[in-house]
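In order, the protein sequence lines correspond to chains A and B.
Mapping the first sequence onto the working numbering, position 30 (from 1) lands on 30, and the numbers just tick up by one.
Mapping the second sequence onto the working numbering, position 35 (from 1) lands on 208, and the numbers just tick up by one.
There may be inaccurate statements among the hints.
[As the list claims (entries may be wrong)] 27 Å max Cα-Cα, derived BS3-like pairs, lysine-lysine:
1) A:Lys-62 / B:Lys-187
2) A:Lys-152 / A:Lys-142
3) B:Lys-183 / A:Lys-62
4) A:Lys-164 / A:Lys-62
5) B:Lys-183 / A:Lys-142
6) A:Lys-164 / B:Lys-183
7) B:Lys-184 / A:Lys-62
8) A:Lys-142 / B:Lys-187
9) B:Lys-187 / A:Lys-164
10) A:Lys-152 / B:Lys-184
11) B:Lys-187 / A:Lys-152
It should be emphasised that the hints constitute simulated quantities derived from the structure, not laboratory data.
As the structure is a prediction and not an experimental result, all values here were calculated from the model.
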Amino acid sequence: MEVLERFAAGDPDAFESLFRQYQGEVYRWIIRIVRNSATAEDLTVETFWRMHRARARFDARKGNFCGWMRRIATNAALDHLRRSRREVELPEEMPDTRKPVSAEQNEMRQAIFHAMDRLSPALRVTVLLALVEEEPYENIAKALGISTTAVKLRVFRGVRVLRKELSRAGVRP
Amino acid sequence: MSEREMEELKKLLKESMPAMDAELRRDLWPAMQQRLAEPAIRMPWWDWALLAAAAVVTLLFPTMIPALLYHL
Numbered sequence: 001m002e003v004l005e006r007f008a009a010g011d012p013d014a015f016e017s018l019f020r021q022y023q024g025e026v027y028r029w030i031i032r033i034v035r036n037s038a039t040a041e042d043l044t045v046e047t048f049w050r051m052h053r054a055r056a057r058f059d060a061r062k063g064n065f066c067g068w069m070r071r072i073a074t075n076a077a078l079d080h081l082r083r084s085r086r087e088v089e090l091p092e093e094m095p096d097t098r099k100p101v102s103a104e105q106n107e108m109r110q111a112i113f114h115a116m117d118r119l120s121p122a123l124r125v126t127v128l129l130a131l132v133e134e135e136p137y138e139n140i141a142k143a144l145g146i147s148t149t150a151v152k153l154r155v156f157r158g159v160r161v162l163r164k165e166l167s168r169a170g171v172r173p
Numbered sequence: 174m175s176e177r178e179m180e181e182l183k184k185l186l187k188e189s190m191p192a193m194d195a196e197l198r199r200d201l202w203p204a205m206q207q208r209l210a211e212p213a214i215r216m217p218w219w220d221w222a223l224l225a226a227a228a229v230v231t232l233l234f235p236t237m238i239p240a241l242l243y244h245l
């Protein structure tokens, strides 16, 4: 029996094998959304826990395990953003944070974080993946379980809110 | 919004939030095992009793629904 079929049937060894194979991929996807390594680690475990709970609903014959996994990971990340919406969560490990930044750059960064925080979690995830990570719209649509048109619409709405917030903060994009 | 404005906003966002390309630094399997070993959250019996009482009240007195929703 294939590992996916064994996983769907509840075989713990198959689950461990899939976990070890895909934990890195799930983590890399989630960290792009939450932008914090500790949170991404927790959410990776949460994603696999949800997959473990929902394993009976996974149809191994239809395949597309990666698509199913990414969708669950995206939902786990979205749920986290919804829970922590009121907390201002700054990215922990941005590559250039170690470089000295000018007060002006820092101010602009704060304005961007504030503007991003004003977006709803769904808009924020879409804008992050589309504009910052430059993920193709089709991939974002699959991960969010919406149409490509809906992704474009979310990007449009997100950009409109961002521009409004940034111009309010005196930053002109 | 013009394409140029969109590109400018994209540039600004990317400068403030560079693309993440972080690799997983540790094996998460021990954390996963710990999570799997946690007992499932069970609702205590009094929560079920409260839920049943609320259901009975809303069935018997539908006019109470707005008041009940207000207190939730």
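Hints versus structure:
1. A:Lys-62 / B:Lys-187: 37 Å, violated
2. A:Lys-152 / A:Lys-142: 13 Å, holds
3. B:Lys-183 / A:Lys-62: 37 Å, violated
4. A:Lys-164 / A:Lys-62: 44 Å, violated
5. B:Lys-183 / A:Lys-142: The hint holds at about 22 Å.
6. A:Lys-164 / B:Lys-183: 15 Å, holds
7. B:Lys-184 / A:Lys-62: Judged against 27 Å, a Cα distance of about 40 Å means the pair is violated.
8. A:Lys-142 / B:Lys-187: With Cα atoms ~23 Å apart, A:Lys-142 and B:Lys-187 stay inside 27 Å; holds.
9. B:Lys-187 / A:Lys-164: 18 Å, holds
10. A:Lys-152 / B:Lys-184: 18 Å, holds
11. B:Lys-187 / A:Lys-152: Answer holds: B:Lys-187 to A:Lys-152 is near 19 Å, not above 27 Å.
Taken one by one, the earlier hints fail for this structure at numbers 1, 3, 4, 7, listed in ascending order.
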